[in-house]
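> One-letter residues, chain by chain:
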Amino acid sequence: MPTGEEWAVSVIDTRVPKRENAFRRWLHGFAGYRKYPALTLMFIPVVVYFFIFKYIPMGGIVIAFKNYKISQGIFGSAWVGLDNFTKAFNTPTFARSVRNTLTISGLKLLFGFPAPIILALMLNEVTHARFKKSVQTISYLPHFLSWVVLAGMFQQLLSPNNGAVNAILRDVFGVKESIYFLGNNKYFRGTLIVTDIWKNVGWSSILYLATIAGIDPTLYEAATVDGATRWQCTRYITIPSLVSTIVIMLILSVGSIMDAGFDQVFNLYNSAVYQTGDIIDTYVYRYGLGDMKYSLATAVGLFKNVIAFVLVVGTNLITRKISGEGIW
Amino acid sequence: MIQKRFTVGKALIYLILTMLCATIVVAFWHLLNLSLSPSHIATKGGLLLYPKELTWDNYARVVGNRYIWMGYKNTLIRTVIGTVLQLFFTAMGAYVLSKRFFPHRTFWTFFIIFTMFFSGGLIPNYLLVKDLGLLNTYSSMILPGLISAYNMVIIRNYFQSLPEEIEESCLIDGAGRFRIFLQFVLPLSKPILATVALWLVVGHWNSWFDVLIYISDDTKFTLQIVLRRIILTGSKEILDTSAAANAAEIESVVSSEGLKAACIFVTTFPILCAYPFVQKFFVKGIMIGSLKG
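Residue numbers (my numbering), protein chains in the order written: chain A, 1 to 328; chain B, 1 to 293.
Calculated from the structure, these hints are not laboratory results.
All the pointers check out, no bait thrown in.
Computed list of chain A residues with no C-beta within reach of chain B, every gap over 10 Å: (1) 79; (2) 83; (3) 96; (4) 103; (5) 109; (6) 174; (7) 177; (8) 200; (9) 239; (10) 241; (11) 254; (12) 259.
Only part of the chain A face toward chain B is listed, based on derived beta-carbon distances under 8 Å: (13) 29; (14) 38; (15) 39; (16) 46; (17) 56; (18) 126; (19) 137; (20) 140; (21) 146; (22) 149; (23) 152; (24) 157; (25) 162; (26) 168.
Nothing here was measured: the structure is a model prediction, and the numbers come from that model.
Note that the Cβ used here is the ideal one computed from N, Cα and C, for glycine as well.
Turn these sequences into a full structure, and let the hints steer you where they fit.
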């Protein structure tokens with residue numbers, strides 16, 4: 001089977017020998033643009049878009065190695081080598097932001113990752129169809145709201161003065177002192193983890209539910225005939241069937257460990273909890289756009305993006321090995 | 001296959017699931033009651049399971065505020081224009097890349113997919129938008145995210161499943177590729193386009209960061225940013241502008257808590273209304289997204 005490209009080439013120039021080197025083939029490909037002018041025209045805006053809005057900013061990374069000044073522009077600013085990196089690496093707030101990013105991501109992985117799996121397993125045990133549907137509809141809802149809206153909600157609910165959560169803790173559980181969920185370093189990360197699970201657990205369970213729905217029902221029938229209990233069915237049929245999905249999702253989550261959730265942290269944090277809540281992304285925002293230290297912030301952003309890139313590509317390769325197909 | 005007996009374990013599962021849903025329902029219900037409560041109840045705090053005293057004053061203040069309306073207008077503008085343009089250009093790119101004979105297809109696919117994994121980062125993107133002179137324009141909310149590589153791959157996979165033979169017969173009948181794309185491919189791909197369009201609509205409705213960094217002209221603020229300002233800077237400062245005359249009198253009925261809650265509901269109202277009806281399309285969409293090609 002010739003590939004599309006080879007086919008196109010052979011149609012255009014029948015004298016082209018079957019075996020030719022890659023470069024020649026690549027060169028001959030250009031004839032295809034004239035052969036398919038409409039497709040080429042349609043593709044031009046797409047290429048222009050990606051070039052301007054994706055590749056030019058990648059070129060803009062050079063300011064990480066310069067002392068960028070608005071008046072001098074990207075080209076006019078002086079080269080400073082790795083100064084911005086050494087400067088960033090030597091500030092304690094940078095080390096703190098890396099630490100916080102990894103800690104928050106790690107905790108989200110530890111608690112947030114199993115949550116939707118458990119939810120899917122529990123939903124699978126629900127035989128009452130209406131109840132199951134209602135649980136799904138309700139638990140998917142927070143996924144559709146932005147962190148701006150949810151931050152507004154949580155600020156109200158978690159307020160130490162008159163928030164509902166503190167009122168419940170006081171009246172029902174007898175907690176004497178109000179807890180500053182969003183203002184105390186002791187509680188901030190916990191609040192991030194719990195609110196993150198609250199927002200995403202329902203939605204993330206869909207993939208696992210779909211995998212469970214794809215399990216051959218005769219397996220359960222055979223097991224039940226042999227006297228297996230519900231729990232044994234779950235333990236020996238459902239969970240093993242989920243393993244490959246779980247492994248892939250886990251690997252992908254590890255790939256995005258540099259993202260601790262900018263939207264969430266940025267809308268929930270305040271200067272009182274920078275100690276535990278300031279992540280790399282919020283650090284870049286504050287230093288870059290807040291203090292206009294463009295070069296320093298770009299350097300930190302590059303540091304993060306390179307690590308994230310290596311992780312994502314690496315985890316994708318592993319996933320590809322395991323499942324035979326990558327995420328793309 | 002399914003045991004009909006109601007065991008302790010099952011009861012526990014029902015209980016846990018009910019509690020999970022309760023935290024979500026009660027949170028919204030409490031806020032709704034808060035938004036309908038007069039100041040002396042709202043500031044006292046605690047969980048409101050029913051409105052002890054009903055007042056529409058909070059909503060009157062929010063709805064009577066020009067920033068909220070401007071926010072609605074701007075959000076609608078960006079959502080409608082943004083979704084249409086994004087969908088069109090993403091589908092167009094996807095169509096071209098779905099053609100196996102398109103020259104250098106592998107290279108172009110890599111050219112686009114690479115942007116999913118590596119980006120210039122916040123500052124270079126900001127400087128680009130600034131240097132293009134797009135600060136404080138609607139374009140800054142639409143252009144930087146015009147085409148999503150991820151959506152393009154998903155739509156491309158769908159296009160590839162369409163029969164090429166019919167297109168070829170259209171070509172013989174004299175239709176150009178662009179016309180085939182508009183009149184044949186797009187209508188045949190309604191399911192996937194509808195799914196992606198829904199993602200885009202929610203994305204636009206909820207996006208706030210681009211407005212935060214690119215827009216400083218408050219007549220172009222979207223709803224999310226208006227809400228963010230109200231929540232962060234305190235509602236009084238922003239909402240008082242319209243009713244400064246009788247502020248003292250209103251002070252006694254409205255509270256910052258009630259106003260914020262009312263703002264949250266006014267902002268999310270369209271999503272809450274549409275959600276029950278479109279939810280199943282999103283669930284379908286997540287399955288399409290997980291089928292990789």
